[in-house]
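Trainee: Given only the sequences and the hints, what does the whole structure look like? Please build it.
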Amino acid sequence: MDRLSEMAGALGARLKARGATVAVAESSAGGLVSAALLAVPGASAYYRGGGVIYTREARAALLGLPAEAVAMPGATEEYALLVARAVRETLGADWGLAETGASGPAGNRYGHAPGHCCVAVAGPVERCVTLETGSADREENMWRFAAAALALLDETLRTG
Numbered sequence: 000m001d002r003l004s005e006m007a008g009a010l011g012a013r014l015k016a017r018g019a020t021v022a023v024a025e026s027s028a029g030g031l032v033s034a035a036l037l038a039v040p041g042a043s044a045y046y047r048g049g050g051v052i053y054t055r056e057a058r059a060a061l062l063g064l065p066a067e068a069v070a071m072p073g074a075t076e077e078y079a080l081l082v083a084r085a086v087r088e089t090l091g092a093d094w095g096l097a098e099t100g101a102s103g104p105a106g107n108r109y110g111h112a113p114g115h116c117c118v119a120v121a122g123p124v125e126r127c128v129t130l131e132t133g134s135a136d137r138e139e140n141m142w143r144f145a146a147a148a149l150a151l152l153d154e155t156l157r158t159g
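With the first letter of the sequence shown counted as 1, position 72 gets the number 71 in numbering that gives the first Met the number 0; the numbers rise by one all the way through.
Simulated from the structure, these hints should not be mistaken for lab results. Wrong hints could be hidden among the right ones.
SDA-like cross-link-like pairs, simulated, lysine to any residue; straight-line CA separation at most 25 Å [what the hints assert, rightly or not]:
| id | residue 1 | residue 2 |
| --- | --- | --- |
| 1 | 15 | 104 |
| 2 | 15 | 127 |
| 3 | 15 | 88 |
| 4 | 15 | 66 |
| 5 | 15 | 1 |
| 6 | 15 | 40 |
| 7 | 15 | 138 |
| 8 | 15 | 37 |
| 9 | 15 | 48 |
Keep in mind it's a predicted model, so treat the numbers as computed, not measured.
Mentor: Structure representation (structure tokens):
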């Protein structure tokens, strides 16, 4: 968790300095993104909330997504951006951060190989990235997905 904590500490400081807030929707990272952000003292100044949106039922219940969005295949940039926008709006944050993928050891129901992840940031600027680790190691992928999410938010805040 050291690397994620270091990344989250810098992000927390940047968010606090801007008076900005973030809301998080994770899937394959299993809560690691939120845990890292919340491990920073003073996180209540910038962290609005989040959730592990792991199933279609969670998409509907926790994000209030319409039926056509709930039925979308996960682990795509289009879906990640939709979720980032939804969590931002639902929790009233300045920024929404979403991660979705296939951590392993097998692929997901949408045909993505293990190690496939899409991350999106929604706010005044929107960005998406796709990560392919090439690994079927579930835990390693979860850590890498969380790091990718924090890195994308950091890059967006620095350049956007």
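Trainee: State for each hint whether it applies.
Mentor: Structure-based check of all given hints:
A distance of roughly 37 Å separates the Cα atoms of residue 15 and residue 104; the hinted pair therefore is violated under the 25 Å criterion. For the hint pairing residue 15 with residue 127, the CA-to-CA distance comes to about 23 Å; that is within 25 Å, so the pair holds. Distance restraint check for residue 15 and residue 88: the Cα-Cα separation of roughly 20 Å lies within the 25 Å cut-off, and the hinted pair is therefore satisfied. Restraint check: the Cα-Cα separation between residue 15 and residue 66 comes to about 36 Å, which exceeds 25 Å; the hinted pair is violated.
Restraint check for residue 15 and residue 1: the C-alpha separation of about 21 Å stays at or below 25 Å, so the hint holds. For the suggested pair residue 15 and residue 40, the alpha carbons sit about 11 Å apart, so the restraint of at most 25 Å is met. Simply put, residue 15 and residue 138 have alpha-carbon atoms about 30 Å apart, too far for the 25 Å limit, and the pair is violated. As the CA atoms of residue 15 and residue 37 are separated by approximately 13 Å, the hinted pair is consistent with the 25 Å bound.
The hinted pair formed by residue 15 and residue 48 meets the criterion: a straight-line CA distance of about 15 Å does not exceed 25 Å.
Consistency with the previously given hints fails for numbers 1, 4 and 7, ordered from lowest to highest.
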